[in-house]
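Q: Please arrange chain G with the ligand on chain D, whose structure you already have, making use of the hints.
Heads up: the sequence lines are chains D and G, in that order. Counting in my numbering, the final residue of the first sequence is number 210, and the numbers go up one at a time with none missing. Counting in my numbering, the final residue of the second sequence is number 1349, and the numbers go up one at a time with none missing.
By construction, these hints were calculated from the structure, which means they are not laboratory data. Careful: at least some of the hints might be erroneous.
[Stated by the list, open to error] As a list, the in silico EDC-like pairs of lysine to aspartate or glutamate whose alpha-carbon atoms are at most 16 Å apart: (1) G:K1108 - G:E1335; (2) G:K1108 - G:E1330; (3) D:K206 - G:D1237; (4) D:K86 - G:E1064; (5) D:K206 - G:E1330; (6) G:K1108 - G:D1076; (7) G:K1108 - G:D1078.
[To be verified] Computed spacing ranges between beta-carbons, pair by pair: (8) D:D47 - G:D1076: 53 to 59 Å; (9) D:R32 - G:A1238: 52 to 58 Å; (10) D:E155 - G:E1346: 54 to 60 Å; (11) G:S1065 - D:R195: 27 to 33 Å; (12) D:G18 - G:E1346: 41 to 47 Å; (13) G:T1345 - D:R119: 38 to 44 Å; (14) D:P197 - G:D1241: 34 to 40 Å; (15) G:D1241 - D:A148: 50 to 56 Å; (16) D:R119 - G:D1151: 50 to 56 Å; (17) D:T209 - G:T1341: 31 to 37 Å; (18) G:T1345 - D:S104: 48 to 54 Å; (19) D:T209 - G:E1346: 50 to 56 Å; (20) D:R195 - G:Y1132: 47 to 53 Å.
For every residue, glycine included, the Cβ atom is placed at its ideal position computed from N, Cα and C.
Listed below are the residues making up each chain.
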Amino acid sequence: MLLAIDTSAGTGVALVEGDTILAQRAVEDTRRHAEVIGSLMTECLADAGVAVAALSGIAVGMGPGPFTGLRVGIAAANAFALGAQKPVLRVVSHDALAFGHYASGGSGALLVTTDARRRERYWSAYSGCDGHVLPVRSAGPGIVHPDALECELPEYGSHFRVDAEWVSAGAVGLLAERLASHGREFAGRSPLYLRSPDVTLSAGPKRVTS
Amino acid sequence: MNRSAPLVLGIETSCDETGVGIVRGETLLANVIASSMEEHARYGGVVPEIAARAHLEAFTPTLESALAEAGVALTDLDAIAVTSGPGLSGALMVGIAAAKALAVSLDKPLYAVNHLVGHVGVDVLAGDELEYPTIALLVSGGHTSLLLVRDLVSDVELLGETIDDAAGEAFDKVARLLGLPYPGGPEIDRAARDGDPQAIRFPRGLSLPRDLEEHRYDFSFSGLKTAVARHVERLRDAGEDVPIADIAASFREAVIDVLITKALAACVDLGVPRLLLGGGVVANARLRDVAAQRSAEAGVALRIPPLSLCTDNGAMIAALGAQLIMSGHEPSGLEFGSDSTLPVTEILV
Ligand SMILES: [Zn+2]
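Chain G with its partners taken away, still in its complex shape:
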């Protein structure tokens, strides 16, 4: 196997995106994603069984177009990497079964890797060396996690995570109660455009001194969602107009404020002047603006991979697999299963 610039296929099926990516060392060759998002729209959130069924249908065409985009054949590969967790178990199993079957039929080594660490590892594809240690803030509909990454392939620590809803989920739920469609992120963004982010002071979860003692780097968005609901109900009960733009802007500000405040607090507390963002919620322009402005004020260098690499994708899994191979790690074998709560300390299973 080529260990200096291995050709790696990455398979990602942890949530509602079927992702297949191909990298050669730190060079991105293909990144193809099929999403079942539209099928979940009428339910207001990802339905695990619908996602898993869609992965099975999408896998072959997604793999074929990734191979075509990269201009390589399956037999050219040095290795295969697959997400084994965390994520929705039925969805993960589709990717794992496919990856194992490819590994056996092609007689290639298989690496089972951590999805969250993949979000960090994707940055190697963006050029410039990623410096360590770095703090990583990963925000999507499925996770909200703050990591301390001392070394991508050997030393990742979970500083905190959401204790209830993921940030992306909060956007979906608030969009719903404002009568906006799914997915909520872009809808709230649109509605917030003409709103005043200071119009309503919504609560910042786990930010009071007594919460910070125990949950300094943890997040909570369910109280915020309830506060928005209460605000809307009070206005409707009183027969008043609901100022959607102001509520959307104020809600979005509350989410972003708490995300960035906690991430930068980790940078300061731990003396790490670097912050990396990842996950689908990074698509939110206001989040990127606030992160850029406040990181600059705090003297923290901010890294945001291209948006196509921030959402769940197979390239990030291939990139992490390639890093593991280049640093001499042995493959996972064929016995591993899905682990819906795989800890970030398990970078390679």
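Here chain D stands alone, though its shape is the one from the complex:
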């Protein structure tokens, strides 16, 4: 049984076991991650009537997603895991979207995109899924202006395209359960920011006298 968190768009928390979502709570507002994350976790545990000790791990979406919100979910997952003494299972948030697509009967090449703000989209491409319905990512995740997608992914016209508003924590949890039960690899420890911090190196102090 996993507590799953994804904050790559809004804030989502879910409790999953095997192929079942036991509880799921979400707040769509993309500016209130830090405010709502704690209550969503207690509410999910209460909804499902599950004690922290009964969990086998914490699943978390590592993005891609806008920095500030994405970090809230990852920080919460890491700390929750320390408190509960359970492992963190990290997944690429786009993979959860692709998993949802294939698990509900989709097939073939898939392009997933989510909002990266500043008129750009995060994207990932999948060639299909394997025998366990686990998505096979063929390119990405990347960040691009929608008009330039064709350069990044020349064959993108042949992909079924999903422009998602939202990554469900339930899907993150279900994917993590499936990856764990088949002994697959999880995502790395680094958040998928895909953008460098906004900083400009100044050329030195400006003159104050003319």
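A: Just chain G with the ligand now, with coordinates in the frame of chain D:
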């Protein structure tokens, strides 16, 4: 929960230090700090996004070493305290998210506390009872504030603060225009060692009679920074040598003079013969010397916590949390957010 000497974990991520501290009542058990200062050096100041990313990376190892240093387990804790403001919001959010997740996973009460009041509260860890009321002067790269503390957990008033740059920021900017590296405080200090603090009379911000009417306890360092820049440019334009030591010493003297003059004026005006210093700029030895000398002359008792507790740290947040618990305050719940401009009157959110 043990309310007489609670075991409290404190989490601080308001600027560029990831701090985790553990106290039992008024006893310090651990104070571990990871700083991202070096990552900001090439930009000449703290870059909020770089600081926030560093907090996320540093949090787990910092917490683990604090637990090891204190010799306690997370399950032993009575409560968790976290800085909810003031500070950089993206940075604060990392600590808040972690604190909430710990509180939920451990089923412990959570206290969201004020960073500035934490700088005052840390003094309880230094031994000797802190007497109230006291004036507190808090000086760092992020804040320059003068407080009247009538009671640590219930009555703190902001007397004044900087209206532009923080004092530490002024050190960074002047170091930069003198060609010295970041962070500016220790560099200016080093350069000033052989300088004459009276060589150049730089302006004391908001100290003229007409400014004092409205800004008696406020600070301003941007005019001073411009005055130093103008002085350096005039010398360079004339092809003269720039006497770095004298400029550094004179600049430092101007900053310290205005800080201590205003703090002691508050002591005299309000009849409070006690002054507490806090914040990273307290590391400046000249500031401590001038404060000691002029406080003694004014009959004001000066308190300076150990330097490791003056810079931003988690122990001060744990200490304030413990004081709030010992005085019977209820926890904050889980709904609070970050507040980059949290007023000092909100000691507990
Ligand atoms: Zn501070």
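Q: Indicate, hint by hint, whether the structure satisfies it.
A: Here's how the hints hold up against the structure:
Of the pairs offered as hints, the one joining K1108 of chain G and E1335 of chain G holds, with about 15 Å between alpha carbons and a cut-off of 16 Å not exceeded. Taking the CA atoms of K1108 of chain G and E1330 of chain G, the gap is near 12 Å; set against the 16 Å cutoff, the hint holds. Straight-line distance between C-alpha atoms of K206 of chain D and D1237 of chain G comes to about 14 Å, which keeps the hinted pair within the 16 Å bound. Restraint check for K86 of chain D and E1064 of chain G: the C-alpha separation of about 15 Å stays at or below 16 Å, so the hint holds.
For a cut-off of 16 Å, the pair hint linking K206 of chain D to E1330 of chain G is broken: about 51 Å separates their Cα positions. Pair hint K1108 of chain G plus D1076 of chain G holds up; C-alpha atoms about 10 Å apart against a cutoff of 16 Å. Restraint check: the Cα-Cα separation between K1108 of chain G and D1078 of chain G comes to about 7 Å, which is no more than 16 Å; the hinted pair holds. Roughly 29 Å separates the CB atoms of D47 of chain D and D1076 of chain G, a value that falls outside the hinted 53 to 59 Å.
Range check, R32 of chain D to A1238 of chain G: Cβ separation about 57 Å, and the 52 to 58 Å hint holds. Our hint of 54 to 60 Å for E155 of chain D and E1346 of chain G holds, since their Cβ atoms are close to 56 Å apart. Between S1065 of chain G and R195 of chain D the beta carbons are some 31 Å apart, a value that agrees with the proposed interval 27 to 33 Å. Look at G18 of chain D against E1346 of chain G: about 45 Å separates their beta carbons, and that is inside 41 to 47 Å.
Roughly 42 Å separates the CB atoms of T1345 of chain G and R119 of chain D, a value that falls within the hinted 38 to 44 Å. With their beta carbons about 38 Å apart, P197 of chain D and D1241 of chain G fall inside the hinted range of 34 to 40 Å. Between D1241 of chain G and A148 of chain D, the C-beta spacing of about 54 Å keeps the proposed range 50 to 56 Å intact. In this structure, R119 of chain D and D1151 of chain G meet the distance hint of 50 to 56 Å, their C-beta atoms being roughly 52 Å apart.
For the pair T209 of chain D and T1341 of chain G, the beta carbons lie near 34 Å from each other, so the given range of 31 to 37 Å is met. In this structure, T1345 of chain G and S104 of chain D meet the distance hint of 48 to 54 Å, their C-beta atoms being roughly 53 Å apart. Distance hint check: the CB atoms of T209 of chain D and E1346 of chain G are about 43 Å apart, inconsistent with the given range 50 to 56 Å. Range check, R195 of chain D to Y1132 of chain G: about 48 Å between beta-carbon atoms, so the 47 to 53 Å window is met.
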